[in-house]
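Both chains come to you apart, so use the hints to assemble them.
Protein chains in written order, with this note's numbering: chain L, 1 to 438; chain Y, 1001 to 1307.
Please keep in mind that the hints were generated in silico from the structure rather than gathered at the bench. Please note that a few of the clues may not be correct.
[Claimed, not checked] Below, simulated DSS-like cross-link-like pairs (lysine-lysine); rule was C-alpha separation at most 27 Å, straight line:
1) L:18 - Y:1090
2) Y:1209 - Y:1114
3) Y:1172 - L:18
4) L:18 - Y:1087
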Amino acid sequence: MRNIGLIVMREFKERVYKKSFIITTLLMPLLFALISVAPTLIMFYSKGETKQISVIDNSGIIAERLESNEEVEFIIIPNGDLQQELKNTLDKEEFGVLYIGEDIVTNTNNIQLYTNTSSSMTIEESIAGQVEDIIEQVRLKEYNIENLREILDKVEVNISLTTYRNDKEDSAASSSAASSLVGIILGFVLYFFLVIYGSIVMQSIIEEKSSRILEVLVSTVRPFDMMMGKILGVAAVAATQIVIWGVLIIGISALVVPAIMPEDVLSGVEAVKAGADISALSADVDADMITALASVTDTGYITQIIVLLLLFMVGGFLLYAAMYAAVGASVDNAQDAQQLTTPITIPIIFGFIILTMVMNDPNSPLIFWCSMIPFTSPIVMMGRIPSGIPTWEIVTSLAVLYATFVAMVYLAGKIYKVGIFMHGKKPTFKDLYQWLKY
Amino acid sequence: MSNIISAEHITKRFTNHTALDDVSVAIPEGSVYGLLGPNGAGKTTLIRVINRITIPDQGSVLFDGKPISQQDIYRIGYLPEERGLYKKMKVGEQALFLARLKGLSRHEALVRLKQWFIRFGIEDWWDKKVEDLSKGMAQKIQFIVTVLHQPKLLIFDEPFSGFDPINANLLKQEILRLKEEGATVIFSTHNMASVEEICDHITLINKAKNILSGRVEDIRRSHGNNIFDIQFRGEEDSFRQSTTAAELLEYNHDPITGLSTAKIHIAADSDVRNIIAAVNQAVELRSFTEIIPSMNDIFIRTVAECK
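Pulled out of the complex, with its shape left as it was, chain Y reads as follows (with noise of 0.2 Å):
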């Protein structure tokens, strides 16, 4: 799979702070690619590069395999993470204007703009002034907005922030069907449940540096401690025999269900599988699985090991 994105070691400095510092960032075409990070680690200032709005002191950005240039932004899709609209424009007219600004022609949007009325069921809000729509509803604006001429690369900048659990909701199932139609989607945010339940691929950026990237499943796996879940029917002096080899973290018995749980650490170097075979004759073996971390954990640890 080829990248839409390549930023190249991009380095930026304002006058008293570095905002990034040599990041490197792939992003392979058809994904779903979450960049996390504190705030302030220069997220906003990664996504800005891409979209040209600020050239980078060092560094390069192709676009499709080659240099980005000023065309290549018709192609890219931009919501920031503050955003607005002309608070006495109507509706309507603002969300032409925003369209053709994107290069579509007056026909061409007017014809798009309807379907998505259409289909978010907002139809009668066409004559309506900005002013007179909730926060909730301009954001639907400005989703439409953005994704209006179709195009291949999606960047929404913390798109969940002000959204309600319905249209945060809402915004997910239409991430997805984005990608489905076989754009690119890349999004900043601090929502770690939907960066598990949504990306393909994150980087997380901390300090103006790039930190960990890569597959979610890859890296989840990749953090995961050696520790395993087990439950059981048996008894617990047998259990305790058959796992001497590994380190007993937790021991809980339910004498209700009579079922017993248990969290172990196995070293590193020794084999999972004698322990598992040690466990299954000593005991009623129910389940043996091995804990992979939430990205919630995965980014707090990572971060806090950076300090």
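Pulled out of the complex, with its shape left as it was, chain L reads as follows (with noise of 0.2 Å):
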């Protein structure tokens, strides 16, 4: 035990301390808030300046009633003429020249937009916008009702759906939406770490193998223990990182989350949150976003989750892991690994397949055998959790996982055992099989 321990602690620091791993950890969070905030942001720096467009309306009632705003500036041309207009604009540098034709209210489609740059998708969708609510209301006018414009307002329904939950204590209000998309990402975090972290454990056994310092440590630590003094070093890398992302996310949600979240949005959430039904709010917020930000800003739900992660990372890392020392003992160099993996990486690929059908229903019995087979349990279970699934499946799941990672430990140290001494074969699966009975 005493090795194991000394073993454990030589692989964390070996990885802890590195540079690469302290700014992986920091930067990844990181990263991902900007890849969330990208869209918005890059929406926000594009506008660039405002586009002048000729207007040349052979129907007369549009042009007058198109406004100008910040990224198109529209110019009346009277009684212009198309071809004239063009050369215009082409030597004044402006935008381009829209042309209305005159029967547009009968014929949508006699309106075309002529650019002297390649034209952007907002631009056209701005002015079609536009174009179509003038259509709009010159047509009702047309029918001659008074305060028609209001009555179709008033007619207009648009509902918002909430969700309880009836088997549970609490039935406070979920979305599915929400935690369908909480569940994906779970899972795909498990997935990088399985595949990642693995492939970490394999590659650092066949470095040891190659560089001959197995032979030295064998003759005072067994083998067993040293192979588990890999995999729980590795696995407790891979914890610290986990931990260091939860304390981070669980404090963004809690601390920055409500500082820029809109006043109305900030009050619905903390109602839904102190148990005020949903349907009380006033109608202008989406109900769904903010039950999925009463939940994402709920610090007790995340630490939750976060634990159920961290314990379905460990048991799917330790199976996985197993598995990966195996191949990494019994081979000379990474390429010899390749074939032996391909055993390894074909559930956990599976798993991740599964897991993205795990938004249509969480309870379909595929995706619940999937989540209690161990192989791809991890992964699959961290997308449905979210969800909220009774207890004693996630208690199943996770005594199946840690069961069949300690038979797999046993046959993968007696792999171990035997592949360190072999050099110069690449071992194939009979190979393997032949140690096993060593």
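So, in structure tokens, the structure goes:
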């Protein structure tokens, strides 16, 4: 036991004190945050200068109602000639010419935009939207009904469906969109941890084998202890990373998110957290978003999720790391490992594919069983947990996972023991099976 | 003298070949014991069996008269043939890690390491990374780590391979010093000169079998072929007449010094004293020595006989 401890410490120090670990651990959440706000930022900064568009309106009803804004400025050219104006805008370096046909109200296709540079989706949509509204107004007027616009507005319906769990004690409103998104993200994180940290274990065993440090260690440390020390040491590194991220996320959601939320949304979120009925809230805030934000900023909920993530991550990692360790010990270099790692990566990728189906129905039989079978359970279970599943399912899944790990580490230890002394020959599955029987 | 290691009837089979076939060795306490044999004979497997790295199919190993246990490992220092270190780790940190794996406390390991580093004059290596060391430098570190916990038994697998002559000599001195301090040393080697120099006992393993075992001196003497080297001053004819009872193999005369040398073979059943007396009477005898074969010759001859 003392030796396992020493090896765990060495593995842990070697990785955690590395600059690259500290940098990636701190930068990854920043990168995630950046990616999530990137679209808004890009929109914000890409506005650029106001584009001038000359308008030739042969119908005489559209041009005067077009409203210029930050993006486009409409310049009305009365009785303009299209060919002449095209030339003019080119000389004046304007954005382009909008040509509206005489029969635009009846023939809505008779409208063209000529641009002098590449066009943009936002400008096209903004122009089309304005013109559509104008034509709609004109058409409505033709019916000669008083206040028709207001009547139509009142008729329009926009419902928001709030879901409550009937089978749970606390019947807080839950948003299935938000929970499946959280689930996918968690499953994704787990997938990456299994693949990345699993192959770290394999790589470093290959390295120890080829540098022959194993030969030196093996006289004082039992091979099994060496392998366990390696697996647990790397697991500790992965857990450290999750804990750091967890603390960062809890910190951000508890302090930063409330600070940047708009006033009315914040009060809505507070009300939901306090147990208020969501239907009592004003109708102009999106109920789904409020419930999502309420759960994302609920520190207790996040802590619970992160603890479960940690349990499944460690269990899944231990299981897969044992297999990666066996492969690492049997080969001389990373190239030879490729064939042997195939049966390890297939269940991980399969689990990942199943994860993407969780969104449709987190309780379908296929998904249920995949969240019980240890090779896919860590990834699939993480996808299911945010949508709220019975505790017994989580406990059973964890128990099966850890039991399989114990069995796997026993088998891996046997292969490891023989494999570390095998040099020169690329082992096959048949060889590995032989070594199990030594 | 008691045996620190008795390996009895060790057999170890791998899938396609037998590495050890009923091999027994007894290693006396306080000796320097050489394990000889051609490549692939089974030396490393035997060493691994003694180290408890490999479990034999049959046979047992006694350490100090009792079946060897995991605890005994801390009383053994093992320097494998293929040896490495963590390249990215610092020398001092790494030595400390390896020393603690052998049961030393952090403090104890630190004190002893400092002493050894001073002794080898390598104090300034402490904070260097292993990848910046040369091969010879790394071997010194490995040697220190092997002996640091003052084991009763030291096992060196091919210790001289890869050492330059200066370091090889340093290693030889250290082995002899360790022996003086009461340790037992087992080493496997191809370097026969070093065997004659420092080994008390040897075992020769060939094709998984122990084919020759014993004290170096006894073995060399028993492999003598009754060939004698004679130096004298005198007439060739009278010398030839005096040795008719033996077989003259070689005769040389050096006209400058006036000395003659000859090699004779004396039949096992005839008395050497009679021939000495006859030669002594015929010529002026300067020396009469039995030619004891070198370990190198014995090694080659014994292995060849096995075929």
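Outcome of the hint check:
For the hint linking residue 18 (chain L) to residue 1090 (chain Y), the alpha-carbon distance of about 13 Å falls within 27 Å, and the restraint holds. Between residue 1209 (chain Y) and residue 1114 (chain Y) the CA atoms are separated by roughly 43 Å; this puts the pair beyond 27 Å, and the hint is violated. Of the supplied pair hints, the one linking residue 1172 (chain Y) and residue 18 (chain L) is violated, its CA atoms being roughly 40 Å apart against a limit of 27 Å. A hinted pair counts as satisfied when its Cα atoms are at most 27 Å apart, and residue 18 (chain L) with residue 1087 (chain Y) qualifies at roughly 15 Å.
The structure fails to meet hints 2, 3 from the earlier list, while all remaining hints are met.
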